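As they're listed, the protein sequences go chains A and B. Residue numbers are given in our numbering: position 56 of the first sequence equals residue 56, and the series is strictly consecutive. Residue numbers are given in our numbering: position 101 of the second sequence equals residue 214, and the series is strictly consecutive.
Everything labelled a hint here was simulated from the structure, so no lab data went into it. Being a predicted model, the structure only gives us computed values, none of them experimental. The C-beta atom is built at its ideal place from N, Cα and C for all residues, glycine as well. Among the clues, some could well be false.
[Unchecked claim] DSS-like, lysine-lysine: derived pairs with alpha carbons at most 27 Å apart:
id, chain 1, residue 1, chain 2, residue 2
1, B, Lys164, A, Lys100
2, A, Lys100, B, Lys157
3, A, Lys5, B, Lys175
4, A, Lys68, A, Lys100
5, A, Lys100, B, Lys175
6, B, Lys140, A, Lys100
7, B, Lys175, B, Lys157
8, B, Lys184, B, Lys140
9, A, Lys56, A, Lys71
10, B, Lys157, A, Lys5
11, A, Lys54, A, Lys5
12, A, Lys100, B, Lys184
13, A, Lys68, B, Lys157
14, A, Lys108, B, Lys157
15, A, Lys112, A, Lys54
16, A, Lys56, A, Lys108
17, B, Lys157, A, Lys71
18, A, Lys54, A, Lys68
[Claimed, not checked] FRET-style restraints, in silico, Cβ to Cβ:
id, chain 1, residue 1, chain 2, residue 2, range
19, A, Lys56, B, Gly116, 22 to 32 Å
20, A, Gln2, B, Ile168, 22 to 32 Å
21, A, Ala41, B, Gln163, 27 to 37 Å
22, A, Met29, B, Ile168, 15 to 25 Å
23, A, Phe46, B, Arg133, 19 to 29 Å
24, B, Arg135, A, Phe46, 21 to 31 Å
25, B, Val125, A, Lys54, 43 to 53 Å
26, B, Glu176, A, Asp55, 41 to 51 Å
27, A, Ile20, B, Gly116, 25 to 35 Å
Single-letter residue listing:
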Amino acid sequence: DQQVKQNSPSLSVQEGRISILNCDYTNSMFDYFLWYKKYPAEGPTFLISISSIKDKNEDGRFTVFLNKSAKHLSLHIVPSQPGDSAVYFCAARDIYNFNKFYFGSGTKLNVKP
Amino acid sequence: NAGVMQNPRHLVRRRGQEARLRCSPMKGHSHVYWYRQLPEEGLKFMVYLQKENIIDESGMPKERFSAEFPKEGPSILRIQQVVRGDSAAYFCASSPLIRVLGFEAFFGQGTRLTVV
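The shape of chain B in the complex, shown without the other chains:
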C-alpha cells in the first residue's frame, strides 16, 4: 500500500527553464493538493485538484504556474521560466472523499527545487 509518491526528489533547473513535478496519490484517493514550503516558513497552499478538475487554485501564482490531474497518470505541477524565488520544497498531498467533520491529507516526501 504505497503512500503518496513524488518525483523527482530533487530537481535543479537554470533560470528560465521549465520544472515539472509529479505526484501519484495514494491508491483510492481522488483529491490532490499541492503545497509549497519556502525556507524557514510553513507550508503554503497552492492548488487543490480532483481528477480532470481544478477545484481551488487560489494559492497558485497567476503566471508561470499550472497544475493538472488527468484521468490517467499522476498530477503534474508545472513551473515555466523558473526564477530563483521558485526554489522551495513542493509537497503533494492526497485524500479520499472529503469527510464532513474533517479529514487528514497524506503527504508525499516532497520535491526540492533548486533554481541556479
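Next comes chain A alone, as it looks inside the complex:
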C-alpha cells in the first residue's frame, strides 16, 4: 500500500528555471511532511518540512506547498542550480504513529547548465 506517491520518476530543468516536484498522499491522518534530497551513494539529507496546520513553508530557494483538500504537496526550487541534481523523496507521518515515516519512490531531478 503506497500511501505516498511521487508519480514522476524524473524531471529535467534548465539552470535558473523553477523545478516543481510533486507528491500525493492518501492517508488523511498524515500531519507532517518532509522533503529529503539524496545524492548517489549517500544517505538522504533533510531539506524542508511542513506541518499540516500550514499551507506553505519557505527556506531560501526551497518552498513547500501543502494542499490538504487535494492531499497534495509540492516542492518548488527557484532558481534551480546544477548542484540541485539529485533524487528527491517526499515523506509523511501520521498523528497516531509519529515515529514512522512513509516515503515516496523519489523523483530524480536533473538541472542542466
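Guided by the hints, dock chain B onto chain A, whose structure is given.
Structure of chain B alone, referenced to chain A:
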C-alpha cells in the same frame, strides 16, 4: 560532530549466510530507525528503537530479521540466512527526543547489501 555512521558501506553475502549491519547514531541522539530501499523504490520503514528497547518493528519481516540498540555500542540490524531478495540499501537514521510538532531524522550513508 560526526553524523550517523553506518558500516560496512558495502556487504556481499552468499545465500544462507548472516548479514550484520551497524549504525552509530549522532552524538546525543537516543532514537534509531532502520529503513530499506529496494531498487527503484522509496525507503520503507523497518524498525524504530530507543536504547535497549524496540518501540516499533511493524515494518520488519517476522522471520530472519532482528534489530537491537544496546546500552553501549551501535545499533545492529541482523539478517539471518540471507536470500537474494534481501539485496537492498539499508539506511539508518537517528534523532534526538521527539518534538511534538515534528522532527527530522538524520540519515547515514547506508549499507548496500548484495546477496549472491
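Hint check results:
Restraint check for Lys164(B) and Lys100(A): satisfied, since their Cα atoms lie roughly 17 Å apart, inside the 27 Å limit. Simply put, Lys100(A) and Lys157(B) have alpha-carbon atoms about 10 Å apart, close enough for the 27 Å limit, and the pair holds. At most 27 Å may separate the alpha-carbon atoms for a hinted pair to count; Lys5(A) and Lys175(B) meet this at roughly 26 Å. Among the hinted pairs, Lys68(A) with Lys100(A) is consistent with the structure: their alpha-carbon atoms are about 20 Å apart, no more than 27 Å.
Distance hint between Lys100(A) and Lys175(B) is fulfilled; the C-alpha atoms sit about 18 Å from each other, no more than 27 Å. Under the criterion of a C-alpha separation no larger than 27 Å, the hint pairing Lys140(B) with Lys100(A) is consistent with the structure, at around 21 Å. Straight-line distance between C-alpha atoms of Lys175(B) and Lys157(B) comes to about 15 Å, which keeps the hinted pair within the 27 Å bound. Of the pairs offered as hints, the one joining Lys184(B) and Lys140(B) holds, with about 14 Å between alpha carbons and a cut-off of 27 Å not exceeded.
Taking the CA atoms of Lys56(A) and Lys71(A), the gap is near 14 Å; set against the 27 Å cutoff, the hint holds. This hinted pair checks out: Lys157(B) and Lys5(A) have alpha carbons roughly 13 Å apart, not beyond 27 Å. For the hint linking Lys54(A) to Lys5(A), the alpha-carbon distance of about 21 Å falls within 27 Å, and the restraint holds. A distance of roughly 22 Å separates the Cα atoms of Lys100(A) and Lys184(B); the hinted pair therefore holds under the 27 Å criterion.
For the proposed pair Lys68(A) and Lys157(B), the alpha carbon gap of about 23 Å is at most 27 Å, so the pair holds. The suggested pairing of Lys108(A) with Lys157(B) holds, with an alpha-carbon distance near 18 Å, which does not exceed 27 Å. A threshold of 27 Å between alpha carbons decides the hint, and for Lys112(A) with Lys54(A) the separation of about 32 Å lies outside it, so the pair is violated. For a cut-off of 27 Å, the pair hint linking Lys56(A) to Lys108(A) stands: about 23 Å separates their Cα positions.
Using a Cα cut-off of 27 Å, the hinted pair Lys157(B) and Lys71(A) holds, with the two alpha carbons roughly 20 Å apart. As the CA atoms of Lys54(A) and Lys68(A) are separated by approximately 9 Å, the hinted pair is consistent with the 27 Å bound. Taking 22 to 32 Å as the suggested C-beta distance range, the pair Lys56(A) and Gly116(B) conforms, at roughly 29 Å. Taking the beta carbon of each, Gln2(A) and Ile168(B) are about 24 Å apart, inside 22 to 32 Å as hinted.
The beta-carbon spacing between Ala41(A) and Gln163(B), approximately 29 Å, falls within the hinted interval of 27 to 37 Å. Between Met29(A) and Ile168(B) the Cβ separation comes to about 19 Å, which falls inside the hinted range of 15 to 25 Å. Our hint of 19 to 29 Å for Phe46(A) and Arg133(B) holds, since their Cβ atoms are close to 27 Å apart. Taking the beta carbon of each, Arg135(B) and Phe46(A) are about 22 Å apart, inside 21 to 31 Å as hinted.
With their beta carbons about 45 Å apart, Val125(B) and Lys54(A) fall inside the hinted range of 43 to 53 Å. Glu176(B) and Asp55(A) have their C-beta atoms about 44 Å apart, which keeps the hinted 41 to 51 Å range intact. For the pair Ile20(A) and Gly116(B), the supplied restraint of 25 to 35 Å holds, since their beta-carbon distance comes to about 30 Å.
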